[in-house]
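Residue numbers (UniProt numbering): 1 to 314.
It is possible that part of the hints are untrue.
Computed list of lysine-lysine pairs in DSS-like fashion (alpha-carbon distance at most 25 Å, straight line) [stated by the list, open to error]:
#1 205 - 181
#2 223 - 181
#3 114 - 144
#4 280 - 95
#5 144 - 201
#6 181 - 227
#7 201 - 227
#8 97 - 74
#9 223 - 96
#10 95 - 114
#11 292 - 223
#12 64 - 144
#13 114 - 280
#14 64 - 74
#15 201 - 220
#16 144 - 223
#17 96 - 144
#18 144 - 292
#19 280 - 292
#20 74 - 280
#21 201 - 165
#22 220 - 181
So the derived label-pair ranges between C-beta atoms look like this [to be verified]:
#23 70 - 203: 31 to 41 Å
#24 67 - 249: 39 to 49 Å
#25 272 - 203: 43 to 53 Å
#26 291 - 60: 17 to 27 Å
#27 304 - 202: 11 to 21 Å
#28 96 - 54: 47 to 57 Å
#29 187 - 143: 43 to 53 Å
#30 272 - 293: 34 to 44 Å
#31 203 - 140: 18 to 28 Å
#32 71 - 272: 12 to 22 Å
#33 67 - 304: 27 to 37 Å
#34 227 - 144: 11 to 21 Å
If you are wondering where the hints come from, they were derived from the structure by calculation, not from laboratory data. C-beta: ideal position from N, C-alpha, C; glycine also.
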Amino acid sequence: MAPTRSSAATSDRSQAQLGLLVPDSTADDWDALRSAAVDAGDQFAIDVSPDAADETDPAAQIRKVEAFGEQQLKCFAIAPVDPAALVGPLAALAKKKVSIFNLGLQMDDEAAAKAGYQITSIIGPSDEEIGHQAAREMITAVAKGSEVAMVLGTDSDPNAALQRKGFTDAADGNLVVSTTKATNDNYNTAVQVVTDTIAAKPSLKGIFASSDVIGRAAAKAVKAAGKADSISVISVGGTIEGLRAVQSGELEATVATFPASVGELVVRACRQVVDGGTVKPRLVTQSYAVNKANVGAELDSYPQPTQPFPDPLV
Numbered sequence: 001m002a003p004t005r006s007s008a009a010t011s012d013r014s015q016a017q018l019g020l021l022v023p024d025s026t027a028d029d030w031d032a033l034r035s036a037a038v039d040a041g042d043q044f045a046i047d048v049s050p051d052a053a054d055e056t057d058p059a060a061q062i063r064k065v066e067a068f069g070e071q072q073l074k075c076f077a078i079a080p081v082d083p084a085a086l087v088g089p090l091a092a093l094a095k096k097k098v099s100i101f102n103l104g105l106q107m108d109d110e111a112a113a114k115a116g117y118q119i120t121s122i123i124g125p126s127d128e129e130i131g132h133q134a135a136r137e138m139i140t141a142v143a144k145g146s147e148v149a150m151v152l153g154t155d156s157d158p159n160a161a162l163q164r165k166g167f168t169d170a171a172d173g174n175l176v177v178s179t180t181k182a183t184n185d186n187y188n189t190a191v192q193v194v195t196d197t198i199a200a201k202p203s204l205k206g207i208f209a210s211s212d213v214i215g216r217a218a219a220k221a222v223k224a225a226g227k228a229d230s231i232s233v234i235s236v237g238g239t240i241e242g243l244r245a246v247q248s249g250e251l252e253a254t255v256a257t258f259p260a261s262v263g264e265l266v267v268r269a270c271r272q273v274v275d276g277g278t279v280k281p282r283l284v285t286q287s288y289a290v291n292k293a294n295v296g297a298e299l300d301s302y303p304q305p306t307q308p309f310p311d312p313l314v
């Protein structure tokens with residue numbers, strides 16, 4: 001958590017503008033990030049201009065980036081829906097000395113360098129650590145040597161790939177891990193893929209999904225197969241729906257990623273750069289597993305975490 005600042009503490013600072021572009025998603029994680037950024041902007045004398053673009057349409061997001069280029073920005077934070085497609089359009093902002101912050105799917109640093117600029121900082125939780133946390137939770141939920149399936153979204157999601165790598169590494173020697181067919185991160189497709197996986201793997205004891213939405217799809221398939229008592233589902237997100245699913249027993253656990261903390265941090269990072277400071281190229285934010293034991297406290301505290309975490313800017 002950032003220290004609070006009174007209006008008097010920020011009144012002597014010049015106002016700076018931060019453009020914020022996130023996917024237009026029905027999930028509440030982007031809403032939490034956006035709201036937290038706007039609130040923090042008032043606190044740190046940063047005028048946050050939020051916008052969203054269709055998460056399935058890179059061209060729409062490119063048009064939004066180009067529109068932001070007409071504003072007098074000091075910072076621009078983006079969660080790209082297609083990191084490769086956004087490298088070029090962001091170069092125009094970078095040429096105007098706008099600091100670029102990367103949220104969500106990670107941009108290619110080398111591709112950005114070839115386009116003539118550097119990403120100021122990548123902000124968000126460690127995806128490998130998320131995988132580790134999910135695996136540790138799964139190891140406590142199922143017997144040693146159990147079969148566990150990781151639900152594949154798409155091959156083009158580098159963050160989810162790192163989560164699966166982290167899960168596999170941490171599960172080594174304790175779980176037998178496989179990967180399902182691609183679901184394209186579609187709820188109905190995920191239900192069918194998990195249904196087929198359960199039929200093909202009668203000894204399956206666990207499922208790991210890289211979002212609460214797909215985790216709940218997996219849980220639906222598990223329940224329909226009559227195996228809710230024998231297959232544990234762990235997902236990633238810590239959205240309000242995910243937390244409620246843990247509370248109800250639909251999910252074994254979710255690894256919460258606290259997007260509100262990310263939204264606040266990007267504003268603070270922008271303020272630091274505007275004030276002449278520097279920030280680390282990777283600002284790692286908090287994540288941890290939420291299960292039956294702590295879900296009540298997390299729901300009460302939502303969207304803020306209950307556990308302490310070192311300030312990434314320090």
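How the hints compare with the structure:
Restraint check: the Cα-Cα separation between residue 205 and residue 181 comes to about 18 Å, which is no more than 25 Å; the hinted pair holds. For the suggested pair residue 223 and residue 181, the alpha carbons sit about 20 Å apart, so the restraint of at most 25 Å is met. Of the supplied pair hints, the one linking residue 114 and residue 144 is violated, its CA atoms being roughly 47 Å apart against a limit of 25 Å. With a C-alpha separation of about 21 Å, the suggested pair residue 280 and residue 95 falls inside the 25 Å cut-off, and the hint holds.
The straight-line distance between the Cα atoms of residue 144 and residue 201 is roughly 17 Å, inside the 25 Å bound, and the hint therefore holds. Straight-line distance between C-alpha atoms of residue 181 and residue 227 comes to about 20 Å, which keeps the hinted pair within the 25 Å bound. Restraint check for residue 201 and residue 227: satisfied, since their Cα atoms lie roughly 12 Å apart, inside the 25 Å limit. Between residue 97 and residue 74, the direct Cα distance comes to roughly 7 Å. Compliance with the 25 Å bound is thereby established for this hinted pair.
Between the alpha carbons of residue 223 and residue 96 the distance comes to roughly 54 Å, so the proposed pair goes past 25 Å and is violated. Restraint check for residue 95 and residue 114: the C-alpha separation of about 13 Å stays at or below 25 Å, so the hint holds. A C-alpha spacing of about 19 Å is found between residue 292 and residue 223, which places the hinted pair at or below 25 Å, so the restraint holds. Distance check on the hinted pair: residue 64 and residue 144 sit about 49 Å apart at the alpha-carbon level, beyond 25 Å; violated.
Distance restraint check for residue 114 and residue 280: the Cα-Cα separation of roughly 21 Å lies within the 25 Å cut-off, and the hinted pair is therefore satisfied. Restraint check: the Cα-Cα separation between residue 64 and residue 74 comes to about 17 Å, which is no more than 25 Å; the hinted pair holds. Between residue 201 and residue 220, the direct Cα distance comes to roughly 17 Å. Compliance with the 25 Å bound is thereby established for this hinted pair. Only pairs whose Cα atoms come within 25 Å are accepted, and residue 144 paired with residue 223 is accepted, the gap being roughly 23 Å.
Taking the CA atoms of residue 96 and residue 144, the gap is about 55 Å. The hint is violated against a cut of 25 Å. Restraint check for residue 144 and residue 292: the C-alpha separation of about 21 Å stays at or below 25 Å, so the hint holds. For a cut-off of 25 Å, the pair hint linking residue 280 to residue 292 is broken: about 35 Å separates their Cα positions. Annotation: proposed proximity of residue 74 to residue 280 holds, straight-line Cα distance about 17 Å (limit 25 Å).
Between the alpha carbons of residue 201 and residue 165 the distance comes to roughly 21 Å, so the proposed pair stays at or under 25 Å and holds. Proximity of residue 220 to residue 181 is assessed by CA-CA distance (about 17 Å); at most 25 Å being required, the pair is judged to hold. Taking 31 to 41 Å as the suggested C-beta distance range, the pair residue 70 and residue 203 does not conform, at roughly 58 Å. For the hinted restraint 39 to 49 Å between residue 67 and residue 249, the CB-CB distance of approximately 45 Å keeps it satisfied.
Range check, residue 272 to residue 203: Cβ separation about 52 Å, and the 43 to 53 Å hint holds. Between residue 291 and residue 60, the C-beta spacing of about 38 Å breaks the proposed range 17 to 27 Å. A hinted range of 11 to 21 Å for the beta carbons of residue 304 and residue 202 is inconsistent with their spacing of about 42 Å. In this structure the hint that residue 96 and residue 54 lie 47 to 57 Å apart at CB is violated, the actual value being about 26 Å.
About 29 Å separates the C-beta atoms of residue 187 and residue 143, a value inconsistent with the hinted range of 43 to 53 Å. The hint said 34 to 44 Å for the Cβ distance between residue 272 and residue 293, and at roughly 36 Å that hint holds. Checked against the hint of 18 to 28 Å, the C-beta distance between residue 203 and residue 140 comes to roughly 19 Å, which is consistent with it. Judged by the Cβ atoms, the range 12 to 22 Å given for residue 71 and residue 272 holds: they are separated by roughly 21 Å.
Range check, residue 67 to residue 304: Cβ separation about 32 Å, and the 27 to 37 Å hint holds. At roughly 20 Å, the beta-carbon separation of residue 227 and residue 144 lies within the given 11 to 21 Å, and the hint holds.
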